[in-house]
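Participant: Each protein sequence line maps, in turn, to chains A, B and C. Those letters in the first sequence? Residues 1 to 294, per my numbering, in order. Those letters in the second sequence? Residues 295 to 598, per my numbering, in order. Those letters in the third sequence? Residues 599 to 1304, per my numbering, in order.
Treat the hints with care, as some may be off.
[What the hints assert, rightly or not] Rough simulated footprint, nothing fancy, chain C against chain A, three-plus residues with beta-carbon under 8 Å:
#1 28-38
#2 111-123
#3 263-275
Hint data in this document are derived by calculation from the structure and do not stem from the laboratory. Model, not experiment: these values are computed from the prediction. The C-beta atom is built at its ideal place from N, Cα and C for all residues, glycine as well.
Listed here are the chains, written in short residue letters.
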Amino acid sequence: MRASLPTEEGVVDRDGVEIAYEVYENDGPTVFLLPTWSIFHSRIWKMQVPYLARHFRVVVADGRGTGHSGRPAGPAGYTVSQFAEDAFAVMDATKTAASVFVSLSCGALWALEIGDRAPHRVAGSVFIGPAVPLAPQLDERRVQRCDEIISDPQEWEKYNVAYWHREHLGFLGFVVAKMFTEPHSTKPIEDSISWGLDTSPQVLTDSDRALDTVTRLGVGRQAKRARYPILVIQGDHDAVRNPAQAASFAELSRGDLLKLQGSGHAPNVRDPVQVNLAIKEFVDRLAARKTVLA
Amino acid sequence: MRAREPDRSGMVEVDGIGIAYEVFGDGEPTILLLPTWMILHSRFWKLQVPYLSRHFRVVTYDPPGNGKSERPLDPKAHGVYPHLRYTERMLDQVGADAAVLVGLSQGGEFGVSFAAERPDRVLGMVLIGPAVAVLEKGPSERARFIIQNFERTHPPLPPSGVPRGVPDEPGDWTKYNRQYWLGDLEDFAWFFFGQALPEPHSTKQIEDCVGWTVGTAGELLGAEWDAPNGDIAQYREWAARVSCPVLLIHGVDDRIVPIDYAEELARLTRGRLLTIEGAGHIPLARDPVKVNLAIRDFVEVVAA
Amino acid sequence: MRARYPDRDGIVEREGIDLYYEVYENQGLTVVLVPTTTILNSRQWKGQIPYLARRYRVVTFDGRGNGKSGKPDTVDAYRTPELVEDIVAVLDSTGTERAVLVALCHATPWILDIATRASHRVSGLVAIGPHVDHIAAGHAHWARAGARWNETLDRYEGWEMFNRHFWLHDYPTWLEFFFSELIPESHSTKQREDAISWGLGTTGPIRVSELEARAQGVRTPEETIAVCQSVSQPVLVIHGTDDRCQAVEKGRALAELTGGSLIEVEGGGHGLPGREPVKVNLAIDTFVRQVEGAPMRSQTWTRALDRRRKVLYISSPIGLGHARRDLAIAQELRALQPDLVIEWLAQSPVTDVLEHAGERIHPASEWLASESSHIASEATGHELHCFQALRSMDEILLANFMIFQEVVEEGNHDLIIGDEAWDIDHFWHENPELKRGSHVWMTDFVGFIPMPEGGEREAYLTADYNAEMIEHIARFPRIRDRAIFVGNPDDIYPEVFGPDLPKIRDWTEDHFQFSGYITGFTPPTPDQAEEWRAEVGFGEDEKVCVVTVGGSGVGKDLLEKVIEAYPMAKQRLPELRMIVVAGPRIEPGSLPGHEGLEVYGYVDRLYRHLSVCDLAVVQGGLTTTMELTAAGRPFLYFPLRSHFEQNFHVRHRLDQYGAGRYMEYHTTDPDQIAEAIVDGTGKTVRYSPVETDGAARAAAMIAELV
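One chain only, chain A, in its complex shape:
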């Protein structure tokens, strides 16, 4: 049973790929909870939806390759551009002129692309543990060789296509444990693994390869160009992404930075109260500004 149910569920067709979305109707600004890397579907936002939907209109979508959305074959189906176009398609289908975006990890890339292409559709953007290559990878991840065959991969060597196909569950167990470095995280870990099992090794492979073209320079430029209000939320115990990436992103984009001491990569799941309140305050502040203007 869910804490709250959508007022509208739908599917929008994007060149043969179906994108499933949910709308929680309400007055006030729209908050669009964007997909993340195609390892999880939209249930990753389950701790945000019921609260935010009491205050705002909320839209969520399953990223391509996950949930009720289609699973195109090949990296071309999972580019940043595809995700941005998916978001526009969902916005059009739900008659959402503009929205506050909330993204997790890789979702940052889609959010930045959306802002770049259609700044007028972005009222503001919240980035949680943004996966932006604006600072070096974590040291532990240097061992990663994604396309080699590694017989008995350890730690981040498991970030490996062959291993994903061989030991999908093993990889999920590993990466989810890295996401939740906080003690007593059994439930978030269980949840995330079960969501991870909903997708496939091939989707992980395609969606990872699609990001090969993301560059530090390109993302940096997008961050600098962003003219909408930004809030960055980053845990300092993030073991998936170097927290310095979020800090330098906040600086480039002149966004606000909320540091969560002791939090890992997905504080929206593990520290939902703080994250919910921060999102609420951010959206309220945007709304207040408009009132002053009007």
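Given chain A's structure and the hints, the job is docking chains B and C onto it.
Facilitator: For chains B and C alone, coordinates are given in the frame of chain A:
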């Protein structure tokens, strides 16, 4: 001893009248704490100044007729019209292009008129228990009584029970009277502030206000009564022209200005109304924490 | 005369044509006010310049064909690309790398052009009454008149004056008609006059050339829409609903296509910058501030289980007595909870003691208004009206409470300990929704007692204060998680709170826990006493009388009176040695001297001297008198007149221990003091014992909360 001494104080002359002002702090933006009816002087802001001046620049000044300002007996020095000049001159004096205005009771008249006439100099306005004549009916029954009563001669009236904790009767509004003010202004003040501060355990606040009343005199209050003032149409027109964000704070138990006035003012200025249950006419003295936090929240949004 | 003159002006020449510009220097972002076609010049922005220049750097210029700029008359000179390049040239020559561009009417397409082709130079666009072709239907009168632009008519009525031939021979009449339509608001005579005078800055032939150049360079509808949609900067559109030059639908469409915000001015015409300058100025200002963006703000939140236990300790600064007992409690707390972080919100002189002990003082302590200075300022001679002094401290208490509240909003403190922190206890009861953390209230007396000399009014006031406190606690029992009485039930003054109010003792026993007294030090054993006497330099045959008023500045009168008694006492008791300790707030040199009398300013660890003296002469403060009681020394004490705590609470408590000789300062002369000194010195006393575990007991009660 004060909790916060001014960083700067001085006198400025407007229309030949010396007006004393004080400046506290150096934050942004500037908050101008307006005078109110000259029965009080700028110390009535004592619970706001130390807090607000840690965050913003705060300016206060004494109305002509009380505090350290001069005491003109000419009615033309009083009322809303000269106050338009006093307010503007004060902003010039402290070099503020624009400021957030905060007013109590009659300070509401000074604020509304100024915000309408000089919109570019007002970032926003907080009015507490505003005594702004925007309503015709109902609540003005007391106003009518006061007008009829003001010049009458009364037999000796019993002293106020407020110093002993005994509430006065509504009939004692007969003390709102020129002769009475000339004879025993302090007793009127006990009565009046007993009405203005009806919350239990308000002894200190009432005492303070009575103490500040000693700074003025019956003759001066009489001159103020005789001063030209705007009528209802004028205040409604001013209020409708206010374009800055407005916050109104009003006690539900205000026995000086009924809350209907604030409600109407909120409609006219498109302002927000914060009502305080159980509060009287001067919540800034009696519920200073709530009022201080509300002012700060408002100023921060306006200045954002 | 102008309201504001430019800080500099100049000419930039572009392909033989001079462009006159003005710069109003300021920090930060630049706002460029672009002139509208040849019909107007830079003075059209006169209502905006003084206001905006106070906030931003402002650049404006005269367009070619008007004002102080060159006035070519060929059609080619007025082609759109030339006009756009003029703006860029002004940006370049004024050193403006990036700006918010503001345009009226037909200047809008030019700034859209720059925003899309040189987007790095534009941070935002403001379009007022924008004239952009194709995006929405225009007024029919333009189409009608435009169709006959080249025709010679017999008569030219109204919009028919929009005609090549008419302009060439009677351009001023067109201006009069045109601006009466464009500024339709009543009482606009000045604005119309201004506009006509600027319009006369050019000529009919120039305007014809400009119009014909414009007609040649019109974009297709698709191109126009594409340009609008590709604007990535923030856009603000301001449009009057009665704009007879550009229909308001155009403004709406532009806002929609560019994703901008729209302000419609109900009943407003086309000349909004002149007719509604305040609204326009405020809107531009708000917009620019948004575009400018605030610098990054950073905030940190720590996961609950990653936090160390944190206590905020507020030690009452009135007198030094609380500092030592609070330190003793803090030490006991640390013994129970070794990882405890204790921050102190305190003020001088307490902070001196805390710093000396290596404690962590919260930086906000610096902002606190001085309570001890207030108390000192309320004293006159050997008199302190303590209740009134507390009342008149309302302003300082509130100021300090507001600081405290900010500290706890940010600080994530688990526990707040307030040792007679009246401000916190009172204002949290008045604003219960503001409470943070657990709260321990500590005091060594309960109840305000009226002084007889205060009469009926003071009896009423003290009862009223007591009643408020009782109601507070009855209504909000959750504000005090622990209330600790530093003492024992017998120490409570045996009176009622006031008429119709409970007995102080009954109520206190119901609402407090009792820690016993906390001295903050352990009195010496008889053996130790010998050692201490030697250490502080008291001779075996000497009878040492220590006179002190503690750390307060109040008490100089008492010292002087005792000093006056010294020669008489010395005469009667030759082995008498008198040591006067003036304390940190009284200058020793300001006291009278006598042969053999010793006067010191500050004495380190004075409690050791007091513990082994033969007689002490002190004020009626609780801390010092209880130290003497605990050490079992004879002493004379002189409560401050009108000080209800010293006269009632302390005296009653000392009576429980059978300790000290009560003296009244105002009715006692030096001779009587001398007699009391002789009488009391070296006297053996039998006081009830004072517990030594008070700090540990208090700490145990507190530790349960953290």
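Participant: Work down the list of hints and note, for each, if the structure agrees.
Facilitator: Now the hints, each set against the structure:
Coverage of the stretch 28-38 of chain A by chain C is violated in this model, with 0 residues showing a Cβ closer than 8 Å to a Cβ of that chain against a need of three. As drawn, the stretch 111-123 of chain A meets chain C at 5 residues by the rule of a beta-carbon pair under 8 Å; at three or more, the given contact holds. Check on the stretch 263-275 of chain A: 3 of its residues sit with their Cβ under 8 Å from a Cβ of chain C, so the three-residue criterion for coverage holds.
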